[in-house]
Structures are given as C-alpha cells and as structure tokens.
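There are 2 protein chains.
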Amino acid sequence: VTQEHITAGIVIIGNEILSGRTLDTNNRHIALELLPLGIEVVEVRVVPDIEEKIVEAVNALRCQYTYVFTTGGIGATHDDITVASIAKAFDRPLVENQEALSIIKNHYNDRFNSIRARMALMPENVTLIQNSVSRVPSFQIDNVFVLAGMPSVMKAMLNDVLPRLKKGAPFYSNSITSNLHEGVIGDALAHIQNQYPAISIGSYPFYNSPTDVGTTLVLKGKDTHILAHATQAILSMVYEFGGTPVVERSV
Amino acid sequence: VTQEHITAGIVIIGNEILSGRTLDTNNRHIALELLPLGIEVVEVRVVPDIEEKIVEAVNALRCQYTYVFTTGGIGATHDDITVASIAKAFDRPLVENQEALSIIKNHYNDRFNSIRARMALMPENVTLIQNSVSRVPSFQIDNVFVLAGMPSVMKAMLNDVLPRLKKGAPFYSNSITSNLHEGVIGDALAHIQNQYPAISIGSYPFYNSPTDVGTTLVLKGKDTHILAHATQAILSMVYEFGGTPVVERSV
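As given, the protein sequences belong to chains A and B, one line each in that order.
For the first sequence, our numbering gives the first residue as 22, with consecutive numbering after it.
For the second sequence, our numbering gives the first residue as 22, with consecutive numbering after it.
These are computed hints drawn from the structure, not numbers from a lab.
A few of these clues could be false.
You can't tell identical chains apart in this list, so a pair holds if it fits in one copy or across any two.
[What the hints assert, rightly or not] Taking lysine to aspartate or glutamate pairs in the EDC-like style, the calculated list, with each CA pair at most 20 Å apart, reads:
#: 1; residue 1: Lys188; residue 2: Asp208
#: 2; residue 1: Lys109; residue 2: Glu25
#: 3; residue 1: Lys188; residue 2: Asp233
#: 4; residue 1: Lys109; residue 2: Glu73
#: 5; residue 1: Lys126; residue 2: Asp208
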C-alpha cells in the first residue's frame, strides 16, 4: 500500500517572536493537529514583518510542501503586511473580497469603519477561512492557509481548515524513557535503527539535575506491526543495559 | 553616529520540535540574550534531522547574517547529524578535535568509551564552546555557533559565546497596553509610525475573553530621545481615544 506523503511548512510572521517578546506556541499547535491526519510538518520559518522576507519564505515553502500555513500579521494596523505580501508572492492584485466585507460589516455593525473595512482586502480568487472567535475571516490561496497570530483565533481558523486537507496514513509513535545515558546505549540503538528503517527512532537526552539524567527514545512510523517489533527491541535493549523503562504510546 | 547593524539567524534542528512533541524555548532564550547586546534576530528556521535540510538552512543564513546559532543534534546517537552536516555545509573534513577529546576523556574518566569519543569529531579549524553543565564541548566555525538542544546545556554554551560577539547599539523598547481595539486606533497609529520612522511600532491585539480585549503597542528603537517622544505621542493617542494605558519600559 503506497500512499502519498503529505507534508506541511509553517511560516510564523512577526517581529515579536523573533525578538523573544512572545513565545510562539502556534507552531506546536498546528503540528499536533496535523499529526493524526498523517500530515508531517517538515520545515518552519520565523520571519520579520518585512515584505521581502515573507514573500521569500512563502514561495520557498509552497513549492516544496503539500500545504503551507502562515500565522500572524493579518490585523488592521500598519504593521500587518502579511496579506499584501501573500498577494505579492502569488503575483495577484489585492481586491475587496465582498464575502469577507459582508461578514465584517455584519459583525461590527455600528462600529464598522474604514480601518476595519481594510481587513476585507485579499488577493483575487481566494477561499475564505472562517473565524468563530473574533469573526473577521482570513483566506486560503491555493495550498497556502493564512491564519491569525493570536492563538485563540489561529486555533479557530485551523479548525475551519482541517476538513479541507488531504489525509495521509497516520503516524503512530511510542516513547520509552529510562535512566540510561546516550553514551552507553548509542551503538545498540543505531543497530536497532538499522534493523527497522521504516521506523524513525529519535533519542532525546534530559538533564534535569545531576541525579535525574537519562534518555527518551521516540519511535515513529506508519506500520503498527513494525512499530511494535521495534519498540520491543528497544525495551529489550533498555533491560539489557540495566535501565528502568517507562513506556508511553500515542497515535 | 552610524553603527554596524548586527544580525543573527537561528537554526533549530530536530524532528521533535517539528512534530510538536517538544515546545522550542531556545529560540526565545537566544533572542532575549542577544537583544541587550544590540544583536537582532532576523530569521529562524526549524528543520528536521536531515542533512540536506540542515546544510541548506545553515548556508542560507550564514551568508545573510552576522551570526548564526544552531541548536540540537550534537549528542552521541545515530540521529545526531548536526556536526557532520555543518562540516558538509563548510566543505571541511570531520576530524578528531584533540582539545575536545581531552575534555571528554577527563570528564567521563572510567566511563569513557568509543561512543562518547565520537563527540570529539568536529570540522577542521574550529574554536571550542565550553559547556559548564554536562562538560562535553561544542564549537564555533566561522560565524556559526553550534549549540546543544537541551535548554540547560544550550544556555551554558551561549554564556560561553556571548563575550565573543560584536555588540551593536542596544535596542530600547516601551510597551503600552490598553483596552483600545486595533480597528479604532489603526489610522492614528499609522500616522505616528510615519512621524517616527526610526522607531518600529508593533501592534499586538489580545483577546483573553469577550470583556478582556485590547492592544499592546510595542515601540522599539536605538535612540532613547526619539523613543521617548514617540512613546509620548502614543500615550496621547490612547488618552484621546478614551483608553486606559499601562506602560512598561525595558532596555
């Protein structure tokens, strides 16, 4: 059974992430929502509110991956340049999207004004993304989904988008944490990885304190049978080296 | 007074960040440490443990920015391919670094083995980065600093690196939070931004609940006089629109 490998890139847009003022959590939320759909996030770029940088990142990723998600920069102020940059990346004019304008007018009612009307400017030929939190919609343009930066709004928009996506074979993963050091198990682990090329085995050491040191081994793959065998091999290895394993399984 | 604009790019290496298993906080830590040195982080890329992707990202950023910091993938297991990938990016052979080997031997003592010895493999002609937490050093190669992924070790390595960096004029910033909406202040804000081109003004709306909504305006610049004037203009604007401002100042 061959199935298309479905991939995604994410472009996080915003000076506040780059400066460290804001810790980005959107990247992780999107990755965790895509994982059970069998869509793998392969690259993330964080870029400033500079048109040239946004255009470069979006164009680089939309050609390489099945889907691209952008977050940030779609509000009503001078520093929100994502929409214009996306139009430029696709070489399409910015036009007043009548469907978006109608949603915005209806939502703001007597607080509707020319500033809020600008949020209806979108590239030509887009499909709206609904926003169940603060109502102002965003849009999908070809394989690029333009999402808000505010986490609550980004999540609402992503919920509207998920049903539109092609699904891949889901990934399954098991993780095994023990008190063993990478420098002890490294060779045995590489041997198991070589035996199970269909499973990706990641090794993540932790060092919480001088007495709380060890390694989490994460196995990931699409075939649950092979995954079970590889997990068993890892467990045997941990016992062989005198470790005490804790296993977590997830879909 | 013209001063060189000192910039940085960050390459976060690791499948665990892309899959959402781990929330990256290294990016933010590095940005916050560089800010008072007047070094601006201009781009971040998160890439998987795939040599081609690491080489591409490191080579793209090291040509564009004063410094590049990589995090992740420098341990002793099969999935730690950062060091070999960096050697490839610079087209230099991997050699056993004798200074690193001596530190590693000394640290592990009777637990030294061939797996741990592999952590002394580094590209030719590098400068070591010391690690006060778990001792195994990393390295600087030209303008690229290769740091660990584990936050405690990354922080220790970054501390060793900071004194080596050229400093720029520091950035100063003020932030003004109020209950005003972007859709109300947008035009007045753009007007102030146009009056103060030397100050970058970012507008960050928040939507904590239907009754806790507003905007944080962040002013950033290198000239404290101009910054003070622009901040005063923003404050006047907030009062004019009937808002209640809360001001935070930082260096």
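Structure-based check of all given hints:
Taking identical chains as interchangeable, the C-alpha atoms of Lys188 and Asp208 are never at most 20 Å apart, the minima being 36 Å within one chain and 43 Å between chains. Neither within a single protomer nor between protomers do Lys109 and Glu25 lie at most 20 Å apart by alpha-carbon distance, with minima of 30 Å and 30 Å respectively. With identical chains, the CA atoms of Lys188 and Asp233 are never at most 20 Å apart, being 40 Å at best within one copy and 37 Å at best between copies. For the homomeric pair Lys109 and Glu73, the shortest alpha-carbon distance inside one copy (9 Å) is at most 20 Å, but the shortest distance between copies (29 Å) is not.
For the homomeric pair Lys126 and Asp208, the shortest alpha-carbon distance between copies (18 Å) is at most 20 Å, but the shortest distance inside one copy (64 Å) is not.
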